[in-house]
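Student: If you want the building blocks of each chain, they are given just below.
Number of protein chains: 2
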Amino acid sequence: MTNQSQSAQAPIMDALLRYREAGRASFHVPGHKNGQLYRQEEIARLLQDVMSIDVTEISGMDDLHHPEDMILEAQKLAADCFGAEESFFLVGGSTAGNLALILTVCSQPGDILLVQRNVHKSVLHGLMLAGARAVFLEPYIDPISQLASAPVDSTIRSALAAYPEAKGVLITVPNYYGMGLDITAIAEICHEAGVPLLVDEAHGAHYGLHPQLPASALASGADGVVQSTHKMLSAMTMGAMLHIQGEWIDRELLRQRLAMLQSSSPSYPIMASLDLARRYVHIHREQAFREGMEAIRVFREGWAGLTRFRLLGPAEVNNTPPIPQLGEASKAEVQESESILDSNPGYSTQDPFKVVICDRYGVWSGYELQERLEQQGCIPEMSTERYVVLLFSLASVKEDAVRLLQALEYLEKESTILLSADVLCEGLHKDNHEVSTWNNLRALNYSQPVQFHLQPPKKDQVETVSLELCDGRVAAEMVIPYPPGIPLLYPGETIQADIVERLMKLQSTGAKCQGVADPSMRTIRVYRDRITSTDA
Amino acid sequence: MTNQSQSAQAPIMDALLRYREAGRASFHVPGHKNGQLYRQEEIARLLQDVMSIDVTEISGMDDLHHPEDMILEAQKLAADCFGAEESFFLVGGSTAGNLALILTVCSQPGDILLVQRNVHKSVLHGLMLAGARAVFLEPYIDPISQLASAPVDSTIRSALAAYPEAKGVLITVPNYYGMGLDITAIAEICHEAGVPLLVDEAHGAHYGLHPQLPASALASGADGVVQSTHKMLSAMTMGAMLHIQGEWIDRELLRQRLAMLQSSSPSYPIMASLDLARRYVHIHREQAFREGMEAIRVFREGWAGLTRFRLLGPAEVNNTPPIPQLGEASKAEVQESESILDSNPGYSTQDPFKVVICDRYGVWSGYELQERLEQQGCIPEMSTERYVVLLFSLASVKEDAVRLLQALEYLEKESTILLSADVLCEGLHKDNHEVSTWNNLRALNYSQPVQFHLQPPKKDQVETVSLELCDGRVAAEMVIPYPPGIPLLYPGETIQADIVERLMKLQSTGAKCQGVADPSMRTIRVYRDRITSTDA
Chain A
1 MTNQSQSAQA
11 PIMDALLRYR
21 EAGRASFHVP
31 GHKNGQLYRQ
41 EEIARLLQDV
51 MSIDVTEISG
61 MDDLHHPEDM
71 ILEAQKLAAD
81 CFGAEESFFL
91 VGGSTAGNLA
101 LILTVCSQPG
111 DILLVQRNVH
121 KSVLHGLMLA
131 GARAVFLEPY
141 IDPISQLASA
151 PVDSTIRSAL
161 AAYPEAKGVL
171 ITVPNYYGMG
181 LDITAIAEIC
191 HEAGVPLLVD
201 EAHGAHYGLH
211 PQLPASALAS
221 GADGVVQSTH
231 KMLSAMTMGA
241 MLHIQGEWID
251 RELLRQRLAM
261 LQSSSPSYPI
271 MASLDLARRY
281 VHIHREQAFR
291 EGMEAIRVFR
301 EGWAGLTRFR
311 LLGPAEVNNT
321 PPIPQLGEAS
331 KAEVQESESI
341 LDSNPGYSTQ
351 DPFKVVICDR
361 YGVWSGYELQ
371 ERLEQQGCIP
381 EMSTERYVVL
391 LFSLASVKED
401 AVRLLQALEY
411 LEKESTILLS
421 ADVLCEGLHK
431 DNHEVSTWNN
441 LRALNYSQPV
451 QFHLQPPKKD
461 QVETVSLELC
471 DGRVAAEMVI
481 PYPPGIPLLY
491 PGETIQADIV
501 ERLMKLQSTG
511 AKCQGVADPS
521 MRTIRVYRDR
531 ITSTDA
Chain B
1 MTNQSQSAQA
11 PIMDALLRYR
21 EAGRASFHVP
31 GHKNGQLYRQ
41 EEIARLLQDV
51 MSIDVTEISG
61 MDDLHHPEDM
71 ILEAQKLAAD
81 CFGAEESFFL
91 VGGSTAGNLA
101 LILTVCSQPG
111 DILLVQRNVH
121 KSVLHGLMLA
131 GARAVFLEPY
141 IDPISQLASA
151 PVDSTIRSAL
161 AAYPEAKGVL
171 ITVPNYYGMG
181 LDITAIAEIC
191 HEAGVPLLVD
201 EAHGAHYGLH
211 PQLPASALAS
221 GADGVVQSTH
231 KMLSAMTMGA
241 MLHIQGEWID
251 RELLRQRLAM
261 LQSSSPSYPI
271 MASLDLARRY
281 VHIHREQAFR
291 EGMEAIRVFR
301 EGWAGLTRFR
311 LLGPAEVNNT
321 PPIPQLGEAS
331 KAEVQESESI
341 LDSNPGYSTQ
351 DPFKVVICDR
361 YGVWSGYELQ
371 ERLEQQGCIP
381 EMSTERYVVL
391 LFSLASVKED
401 AVRLLQALEY
411 LEKESTILLS
421 ADVLCEGLHK
431 DNHEVSTWNN
441 LRALNYSQPV
451 QFHLQPPKKD
461 QVETVSLELC
471 DGRVAAEMVI
481 PYPPGIPLLY
491 PGETIQADIV
501 ERLMKLQSTG
511 AKCQGVADPS
521 MRTIRVYRDR
531 ITSTDA
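As given, the protein sequences belong to chains A and B, one line each in that order.
Going by the working numbering, 285 is the number at position 285 of the first sequence; the sequence numbering is gapless.
Going by the working numbering, 516 is the number at position 516 of the second sequence; the sequence numbering is gapless.
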C-alpha cells in the first residue's frame with residue numbers, strides 16, 4: 001500500500017510540466033513543436049495547452065513499451081489504487097487491452113476461449129487475430145428489460161466441464177447498461193478448472209472505489225481485467241488500463257502483445273490523464289464520488305415524481321411478474337430458470353451512475369426519446385430501440401441532475417397531450433413484443449466451438465441478398481449495431497428468424513452498423529452455397 | 001480539387017467548437033465531463049481546454065469507423081490535399097496503418113510480401129498477425145554513413161521475378177534519417193508484376209508539399225501510403241493517415257482491418273488535430289514551410305563555420321571515396337555496386353528538415369553528443385552509436401537554428417581542449433570500423449521466405465545465453481533497439497558474428513531495446529536445439 005504522499009504524486013504529468021517549464025528547444029517530434037506552429041491560429045487555441053506537453057520518447061520521458069522510470073512508477077501507483085499486482089497503461093482504449101489479453105491467453109491457433117455471447121466487438125476481433133475457437137456462453141437475460149447481462153455460474157461450470165481444454169473464460173461485467181452480477185463464484189470455478197478469468201470491465205473502472213458501487217472484478221478474483229478509465233473515471237478518451245494479478249497470465253507475452261498492438265509513439269497527454277485519473281481517486285478515495293453521488297441522489301428524488309418513464313434496475317424483478325420466454329426449453333430448465341429469477345443471480349448489481357430509461361408506453365423509441373432529450377440540452381450516451389442510456393460520473397454535479405429532471409418533466413407534460421387511448425394501447429402492445437437480440441434460451445447454454453480467423457470469404461463464395469430473403473442463410477459479414485458495439489451476427493453464423501426481424505427493425509429505425517458492406521442495411525452478405533453450416 | 005474556401009474548412013474542429021459552445025449537459029462518456037471534474041485542480045490545468053472538446057460518438061459527431069458526416073468530409077479534404085483517392089484518419093499512429101495494410105494485402109496465411117529488411121517493427125508485427133511470409137529485400141547501404149536507405153529497383157525486380165506469387169511490396173521511404181530515393185520506377189515495376197506498392201512514409205508526411213522537399217510516395221505511384229502526420233506535420237502524437245489510390249488494395253477489407261485494430265472510442269482531439277494539420281498546409285501551401293525552411297537556411301549558413309561535426313547527406317558520396325565492404329561478392333557485383341555508387345540511386349534524396357550529425361573524429365558517440373546537446377538546451381529526436389538526429393519542421397523558427405548553432409559552437413570550442421593527438425587517432429580508427437547493422441551485401445539481394453506467426457516458442461525449446469555465447473545460435477526473441485525501432489534480430493534468425501558485435505555495443509552504450517526478456521541486454525533467448533535453421 002502506498003501512503004498519502006505517494007498517492008498524491010502524478011509522475012507522468014510532473015515530468016511533462018518539468019519538460020514544459022525547462023523551455024528547451026525541440027528538435028524532435030511531434031512536428032508541431034510544442035504547439036509553436038499554431039501560436040497565432042485561433043482555430044487551434046484549445047489544443048495549444050495540450051500540445052505544449054504532447055511530447056515523445058525523448059530523454060527522461062521513459063517508454064510505455066519498456067517502462068523503467070516515471071511510466072513504471074505511474075503504473076505501480078495505479079496497481080496499488082485499483083488492487084492489481086501489475087497495471088499497464090493503454091493508449092488504444094479497452095480495445096487494445098482486450099486484443100492483447102486474448103492474443104496472450106490463446107497463443108496457439110485453435111485454442112478455445114469461453115466467451116459470453118454479448119461481448120464487445122474488440123473481443124471478437126481478438127479471437128479473429130488469435131485464430132481461436134470461441135465457445136459462446138448464453139448470458140442471463142433480465143426478464144423485465146430483456147437485456148442481457150452475463151452468464152451465470154452454472155453456465156460457466158457446465159461449459160468448462162464440456163471443454164476442459166479451454167484456455168480461459170472471458171466475461172463482460174458490467175455491461176453498457178451498468179448491469180452486472182457478483183463474479184466471485186465464477187472466478188472460483190475458473191480457478192478450480194485451472195483457467196484464468198478475464199473480465200472486460202470497460203464500463204466499471206470506478207467499481208470498488210465507493211461503498212455504493214459494486215465490487216471490482218479484481219477484488220472478486222479475476223486474473224486479467226480491462227478498464228476504460230476514460231469512460232467512468234476521468235482519463236482522456238482512449239486512456240484505459242489493463243490490470244493483472246496472479247500467475248495465470250503470461251506477462252512477458254502480454255507485454256509483447258501490447259507492444260505489437262499499440263502505437264510506438266503513444267500519446268503522453270493520454271498517459272498523463274490516466275495518471276491524473278488514478279491520482280484523483282487515490283487521494284480523495286470515497287470522497288471523489290461525493291459530488292457525483294449527490295447528483296444521483298437529487299435525480300432519484302426528482303424521478304419519483306415522474307410517471308411516463310421507466311428506470312432500469314434489478315429491483316424491478318421483485319415488483320413485476322417475470323415474462324419468461326423459454327421457447328422449447330425442458331421442464332427442468334423452466335424450473336431452473338424460475339429459481340434463477342427468484343434470486344436473480346444474473347443481474348444483481350446496477351451501476352448507480354448509469355441511468356437507463358424507456359418510455360413506459362413504448363410510444364417513443366429510445367432513438368426518439370434521445371432526440372427529444374437532446375432538444376432539451378441533455379446529451380445521452382446512446383440509445384437503442386427501447387432505451388436511452390444517460391451517464392453520470394464522479395464529475396457530475398447537482399445542476400446536471402436538475403437539468404435532466406427538467407427535460408424529462410417537460411417531455412412528460414408535452415406527451416400527455418399526445419397520448420390518446422389508441423396510441424397508448426398500441427404502445428403497450430409494442431412494448432410487450434419487444435424482442436431481445438440475445439433472448440436465445442436454448443437446450444444448451446453454451447455453443448459448439450466456432451473457429452475464428454482473419455480470412456474474408458472469397459468473392460465467389462458470397463452473394464448479397466435483401467434482408468427479407470436472408471432467413472436461414474449463413475452470414476458472411478459481421479453486423480455490429482453501434483452503440484453498444486455488440487455483434488448481432490458474425491461470419492459463419494446462421495441467420496434465424498428472430499435475427500431477421502431484429503435487423504429489419506434496426507434498418508427501419510436508422511441505427512448505425514459497423515462492419516457491413518451496405519451501410520443502409522437493406523442488404524446483407526451471405527454464403528452462396530451454405531444454408532445451415534455454422535463453421536466459417 | 002477543392003477551392004480555397006473548402007480547403008480552409010476544418011469540419012471536425014468546427015463541430016467540436018459548436019459542441020463546446022452549445023453548453024449542453026453531458027450524460028455521456030468520457031467521465032471527466034468536458035473536464036468539469038478538474039475545474040479546481042491546478043495539476044490538470046493544461047488538459048482543461050482539450051477536455052472541453054474530448055467527446056465521443058454522440059449525435060452529430062460522426063463515427064471514425066463508419067464516417068458519413070464531418071469525419072468523412074475531413075478525410076475527403078485530406079485526400080485532396082495529399083493527392084490520394086481516399087484517405088483514412090488514424091488515431092493509433094502509423095502503427096495502425098501498417099498493421100491494417102499488411103492484414104489487407106496478405107489476407108491468407110502464408111501469403112508472401114516483399115519487405116525491405118530495415119522496416120519499422122510495426123511491419124513485422126503486421127506480418128506476425130497476418131501469418132504472412134516475408135521475403136526480405138536488402139536495402140541500399142550508403143557507403144559513407146553506413147546507413148541503410150531502401151532497396152533499389154534491381155533488387156525489387158529480381159525478387160518479384162523469383163516470387164511471382166507475392167501479394168505486394170512494402171518499402172520505407174524516407175527512413176528515420178530522412179534518407180530516400182526516387183520510387184517512381186519501383187512503383188512501375190510493381191504494377192508490371194501485378195502487385196501493389198505499399199510505402200511506410202511515416203517520416204514523410206510533408207513530402208511533395210514544397211519544391212525543396214522530395215516527391216511524395218503517392219505522386220510517385222504508390223498504392224497504399226502510411227504517414228505519421230504528427231511527425232513531420234503538426235497533428236498531435238498518434239495522429240496519422242493512410243492514403244489509398246488505384247484499385248490494387250481491397251478498400252472494404254481495409255476498413256474492416258482498421259475497425260479491428262483501432263479503438264472503438266477514438267480520440268476526437270487527435271482527429272481534430274489531423275484536420276487542422278491538413279488545413280494548415282492546404283491553405284498556406286508552400287508558404288506553410290517558409291519559416292521552417294528559413295530556419296534550415298540559417299542553420300546551414302552557420303554550419304559552414306563548424307569543423308568538428310559531419311552532416312549526413314547524399315552529396316557526400318561525391319566528395320569522399322566510397323568504402324565498399326563487399327565481402328564475398330563476385331566481380332560482377334562489385335562492378336554493379338560501383339555503378340550504383342556513381343549514380344547513387346539508393347540514396348538520392350534527403351529530407352532537409354532532418355539534421356543528422358556525428359562527431360567527425362568518432363570520439364563522442366551519438367549518445368554522448370546527444371547528452372551534451374541536451375545540456376545546452378537542445379533536445380534531439382534520437383541518437384545511435386554514431387549519429388544524432390535533430391528534427392526541424394514547418395513549426396521551427398530561426399531562433400531554434402541559432403540555439404542549435406550556439407550549442408554546437410560551444411561543444412566544438414570545449415572539445416578542442418580535450419582532443420589530444422592520441423584521442424583523435426583512436427577516434428578516427430573507431431570511425432572507420434563502424435559496423436552497420438544492415439551491411440549485409442550477400443550473393444542474393446533478397447532472402448528466402450520467412451514464415452511469420454504469433455506463436456511464441458515453447459519454454460522447453462528455448463534457453464537464455466549470455467551475449468558472448470550467442471554466435472551462430474537461432475534467436476528466439478525479437479531484438480529492437482529503439483529508436484529507431486528497426487528489429488536487429490527476429491525469432492528464427494541465425495545470430496551472426498557481426499550481429500553479436502553490434503548487440504554487445506548496444507549493451508555497453510546503454511541503448512534501449514524493446515521486445516527482449518532481459519532489458520539489460522546481457523543475455524538473449526535462443527532456440528535450444530536449433531543451431532543453423534532459419535525457419536521459425
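Honestly, the hints are just simulated from the structure, not real lab data.
Model, not experiment: these values are computed from the prediction.
Note that beta-carbon positions come from the ideal geometry of N, C-alpha and C, so glycine has one too.
Treat the hints with caution; some may be incorrect.
Capping the alpha-carbon separation at 27 Å, the derived lysine-lysine pairs in DSSO-like fashion look like this [said to hold, decoys possible]:
{"id": "1", "chain 1": "B", "residue 1": "K458", "chain 2": "B", "residue 2": "K512"}
{"id": "2", "chain 1": "B", "residue 1": "K413", "chain 2": "B", "residue 2": "K459"}
{"id": "3", "chain 1": "B", "residue 1": "K76", "chain 2": "A", "residue 2": "K512"}
{"id": "4", "chain 1": "A", "residue 1": "K76", "chain 2": "B", "residue 2": "K398"}
{"id": "5", "chain 1": "A", "residue 1": "K512", "chain 2": "A", "residue 2": "K458"}
{"id": "6", "chain 1": "A", "residue 1": "K459", "chain 2": "A", "residue 2": "K512"}
So these bits of chain A aren't anywhere near chain B, every CB distance computed over 10 Å [claimed, not checked]:
{"id": "7", "residue": "R18"}
{"id": "8", "residue": "P164"}
{"id": "9", "residue": "E294"}
{"id": "10", "residue": "V298"}
{"id": "11", "residue": "L306"}
{"id": "12", "residue": "F309"}
{"id": "13", "residue": "E371"}
Sample of chain A residues at the chain B side, in silico, Cβ under 10 Å [said to hold, decoys possible]:
{"id": "14", "residue": "I58"}
{"id": "15", "residue": "I144"}
{"id": "16", "residue": "M293"}
{"id": "17", "residue": "E493"}
Student: For every hint, state whether the structure bears it out.
Tutor: Here is how each hint holds up against the structure:
1. With a CA separation close to 26 Å, the supplied pair K458 (chain B) and K512 (chain B) stays within the 27 Å bound.
2. Distance check on the hinted pair: K413 (chain B) and K459 (chain B) sit about 55 Å apart at the alpha-carbon level, beyond 27 Å; violated.
3. Distance restraint check for K76 (chain B) and K512 (chain A): the Cα-Cα separation of roughly 21 Å lies within the 27 Å cut-off, and the hinted pair is therefore satisfied.
4. Distance check on the hinted pair: K76 (chain A) and K398 (chain B) sit about 42 Å apart at the alpha-carbon level, beyond 27 Å; violated.
5. Between the alpha carbons of K512 (chain A) and K458 (chain A) the distance comes to roughly 26 Å, so the proposed pair stays at or under 27 Å and holds.
6. This hinted pair checks out: K459 (chain A) and K512 (chain A) have alpha carbons roughly 25 Å apart, not beyond 27 Å.
7. At roughly 13 Å, the least C-beta separation between R18 (chain A) and chain B is larger than 10 Å, which holds for a residue marked as non-interface.
8. The Cβ of P164 (chain A) lies farther than 10 Å from every Cβ of chain B, with a closest approach of about 20 Å, so its non-interface assignment holds.
9. Every CB of chain B is more than 10 Å from the CB of E294 (chain A) (nearest about 14 Å), matching its label as outside the interface.
10. Even its closest Cβ contact with chain B, about 13 Å, leaves V298 (chain A) beyond 10 Å, as expected for a residue assigned away from the interface.
11. Once the 10 Å rule is applied to beta carbons, L306 (chain A) is consistent with being away from chain B; the minimum gap is 16 Å.
12. With a closest Cβ-Cβ approach of about 14 Å to chain B, F309 (chain A) is found to remain outside the 10 Å limit, as its non-interface label requires.
13. Remark: the non-interface label on E371 (chain A) conflicts with the geometry, its nearest Cβ contact in chain B lying 8 Å away (cut-off 10 Å).
14. Using the Cβ-Cβ criterion of 10 Å, the hint placing I58 (chain A) at the interface with chain B is satisfied: the shortest such distance is roughly 5 Å.
15. A distance limit of 10 Å between C-beta atoms decides the matter here; for I144 (chain A) the minimum to chain B is near 23 Å, and the interface restraint is violated.
16. Among the interface hints, the one on M293 (chain A) is violated; its C-beta lies about 14 Å from the nearest C-beta in chain B, farther than the 10 Å criterion.
17. Because the smallest distance between the Cβ of E493 (chain A) and any Cβ of chain B comes to about 16 Å, over 10 Å, the interface hint for this residue is violated.
Checked against the numbered hints given earlier, this structure breaks hints 2, 4, 13, 15, 16, 17; the rest are met.
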